[in-house]
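Visitor: Single-letter residue listing:
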Amino acid sequence: MSYAATHDQHDDHHGAPKSFFQRWCMSTNHKDIGTLYLVFALTMFFIGGSFAMGIRAELFKPGLQLMQPYFFNELTTMHALVMIFGAIMPAFVGLGNWMIPLMVGAPDMALPRMNNLSFWILPFAFILMLSTLFLPGGGPAGGWTMYPPLSLQSNSLAYVVFAIHLMGISSIMGAINIIATILNMRAPGMDLMKMPVFVWSWLITAFLLIAVMPALAGAVTMLLTDKYFGTNFFNPGGGGDPVLYQHIFWFFGHPEVYIMILPAFGIISEIVPTFARKPIFGYKAMVFAIACIAFLSFIVWAHHMFAVGLPLGAEIFFMYATMLISVPTGVKVFNWVATMWGGSMTFETPMLFSIAFIILFTIGGFSGLMMALVPADFQYHDTYFIVAHFHYVLVTGALFAIIAAAYYWMPKWTGNMYSEFWGKVHFWNSVVWVNVLFFPQHFLGLAGMPRRIPDYNVAFANFNMVSSIGGFLFGASQLIFVGVLIHCVFFSKKKATDRVWEGAKGLEWTVPSPAPYHTFELPPVVRDEELAHGHVND
Amino acid sequence: MSEHQQDDESRKGVNRTVKILLVIVLVFFALSFVQILLMK
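From first to last, the protein sequence lines are chains A and B. Under the UniProt record's numbering, residues 1 to 538 are what the first sequence spells out, in order. Under the UniProt record's numbering, residues 1 to 40 are what the second sequence spells out, in order.
Since the hints were made in silico from the structure, they are not lab data. Since this is a predicted model, take the numbers as computed values, not measurements. No residue lacks a Cβ here, since even glycine has one placed at the ideal position from N, Cα and C. Treat the hints with care, since some could be wrong.
[Claimed, not checked] Here are the computed lysine-lysine pairs in the BS3-like style, where the Cα-Cα straight-line distance is at most 30 Å: (1) Lys278(A) <-> Lys494(A); (2) Lys424(A) <-> Lys278(A); (3) Lys19(B) <-> Lys194(A); (4) Lys424(A) <-> Lys493(A); (5) Lys194(A) <-> Lys284(A); (6) Lys12(B) <-> Lys194(A).
[Unchecked claim] What follows is a set of in silico ranges between Cβ atoms, one per label pair, in the way DEER data are often shown: (7) Ile20(B) <-> Val482(A): 36 to 46 Å; (8) Ile20(B) <-> Asn462(A): 48 to 58 Å; (9) Ala30(B) <-> Thr346(A): 50 to 60 Å; (10) Asn15(B) <-> Pro69(A): 47 to 57 Å; (11) Arg11(B) <-> Gly309(A): 46 to 56 Å; (12) Val458(A) <-> Ile20(B): 55 to 65 Å; (13) Ala447(A) <-> Asn15(B): 49 to 59 Å; (14) Asn15(B) <-> Glu530(A): 28 to 38 Å; (15) Phe378(A) <-> Ala30(B): 26 to 36 Å; (16) Ile20(B) <-> Gly342(A): 42 to 52 Å; (17) Asn15(B) <-> Thr346(A): 42 to 52 Å; (18) Val525(A) <-> Ile20(B): 29 to 39 Å; (19) Leu117(A) <-> Ile20(B): 16 to 26 Å; (20) Ile20(B) <-> Phe491(A): 43 to 53 Å.
[To be verified] Going by beta-carbon spacing under 10 Å, a handful of chain A positions derived as facing chain B: (21) Val212; (22) Ala217; (23) Ala219.
Construct the complete structure from the given sequences, taking the supplied hints into account.
Guide: Below, the structure is given as structure tokens:
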């Protein structure tokens, strides 16, 4: 049973604090902390994006053009770490912070002060990690997976391990907060099976985080003790095994992939019904599919390691387990399509990004299925095919969903409508250039171009040049997004209505736009017909 | 149920949830080390 959310000890009866420091540094308000997360994620997105521009500039032509190979390796490593831990994950946490209490009818998160701490750890962790680029020995350059023995050669290992510990602590606290909020603070009448799919996706994601972040912490702690305290966890010379690191890392790493995509599934499941003006097709199936994907994510980790020489039985098990994930994922894709089928659809910017998500994420899913096949993976392993695959999943998947969510909820956050024209300009530029950027990388990979190299055979020159042009223009297109955001927050004259979108349903649309500083101080009366799925029995 | 009773119930629920989740965190942290023993 859920209990009504309650008054916490903080400044419930007042508006936002006047002082900048009080409001943003000491905040316990879920909306302000959500905003902080989102601004932080956007900043990191551009820092990680600038690394990507450096990578694509170097790869524009064969031969070493702009940088030394070690610096190139630092860029690939930092690009991944910043985008995964600094941009995608905090963006989802920001969206969760903003929307989960509004969607379940709670006045705030269950642990508001811990929420503040979860956020404020992050900037320090990333300053620490990015500062290693300026150290005499340079930053980490062994790839974001930090496989030993290569990663143990880095002089900045201790800094990066500490930064990862901090990010892990932040993620675990954030996950605990989200689970405690969803399980304990729902308004009366908001049963679990009436919750919006976005809330469900975050509940399941939070459990994934709680299970796997400690495993990452364990793995990097062992790296640290191997380098500085004379242990031999991963050192064959002392009886250890470097492949063991890969097992522990990917026990974290594969669920991590789903941590970055399940909330995206939730977002798409909110947006598609709104703009199709129909309840989502197969609500229960959608929820169970998310849970099923989450479960399967724990038993597929070794598909990242087919090439290290696993026993045949293990390769076959992990191959079939991986292919099994396409079943619940297929359920989701078909249900989104079925939701649109026969709906009164309109194509506002959030819907456009959602439709692009469904199509392009499916391409990423299919290439994933290809590399799940052990014999085929021996060809694809460590090639640009892999790079193309995971960028389809994470850029046109996770990032497009985050952008869709920002357009969808921005009027609720700011009280102003964004410019639909410029939103669409942003969309069409993004969707064209992202394909110019990543699609040729499939061909490069199939032709044998390895990942993580600053120079390559001249045979790969043309597709690399096309990919780089796509990369520069995709990067530039994101500046339009910043323009739309700034215009919407500060200059837009068009005020948003409370419901914002004609087909929008759920508690978050019953509060005024912009959402007041405090909402649902008294638990709302939940009426089933107000909910997106409350009156649907399937 | 008065507002204060709701307060207490909700807070107790939060505390219980947090304790359970912390135990899960510790178990999985330990598990990453135990894997080594299992693999040997």
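Visitor: Against this structure, judge whether each hint is valid.
Guide: Structure-based check of each hint:
1. Lys278(A) <-> Lys494(A): Distance ~27 Å between Lys278(A) and Lys494(A) Cα, so the pair holds.
2. Lys424(A) <-> Lys278(A): Holds, because 23 Å separates the two Cα atoms, which is no more than 30 Å.
3. Lys19(B) <-> Lys194(A): holds (26 Å)
4. Lys424(A) <-> Lys493(A): The given pair, whose Cα atoms are some 19 Å apart, holds under the 30 Å limit.
5. Lys194(A) <-> Lys284(A): The given pair, whose Cα atoms are some 10 Å apart, holds under the 30 Å limit.
6. Lys12(B) <-> Lys194(A): Given pair Lys12(B), Lys194(A) holds - Cα atoms ~24 Å apart, limit 30 Å.
7. Ile20(B) <-> Val482(A): 36 to 46 Å: holds (41 Å)
8. Ile20(B) <-> Asn462(A): 48 to 58 Å: holds (56 Å)
9. Ala30(B) <-> Thr346(A): 50 to 60 Å: holds (52 Å)
10. Asn15(B) <-> Pro69(A): 47 to 57 Å: 53 Å Cβ-Cβ, so the 47 to 57 Å window holds.
11. Arg11(B) <-> Gly309(A): 46 to 56 Å: Check passed, 53 Å falls within 46 to 56 Å.
12. Val458(A) <-> Ile20(B): 55 to 65 Å: For Val458(A) and Ile20(B) the Cβ distance comes to about 59 Å; the hint holds.
13. Ala447(A) <-> Asn15(B): 49 to 59 Å: Given about 58 Å between the Cβ atoms, the range holds.
14. Asn15(B) <-> Glu530(A): 28 to 38 Å: holds (31 Å)
15. Phe378(A) <-> Ala30(B): 26 to 36 Å: At roughly 35 Å between Cβ atoms, Ala30(B) and Phe378(A) fall inside 26 to 36 Å, so the hint holds.
16. Ile20(B) <-> Gly342(A): 42 to 52 Å: Holds, since Ile20(B) and Gly342(A) (Cβ atoms, about 44 Å apart) stay within the stated range.
17. Asn15(B) <-> Thr346(A): 42 to 52 Å: The hint (42 to 52 Å, Cβ to Cβ) holds, given that Asn15(B) and Thr346(A) are roughly 46 Å apart.
18. Val525(A) <-> Ile20(B): 29 to 39 Å: With Cβ atoms ~30 Å apart, the hint holds.
19. Leu117(A) <-> Ile20(B): 16 to 26 Å: holds (20 Å)
20. Ile20(B) <-> Phe491(A): 43 to 53 Å: About 47 Å separates the Cβ atoms of Ile20(B) and Phe491(A), which means 43 to 53 Å holds.
21. Val212: holds (7 Å)
22. Ala217: holds (6 Å)
23. Ala219: holds (6 Å)
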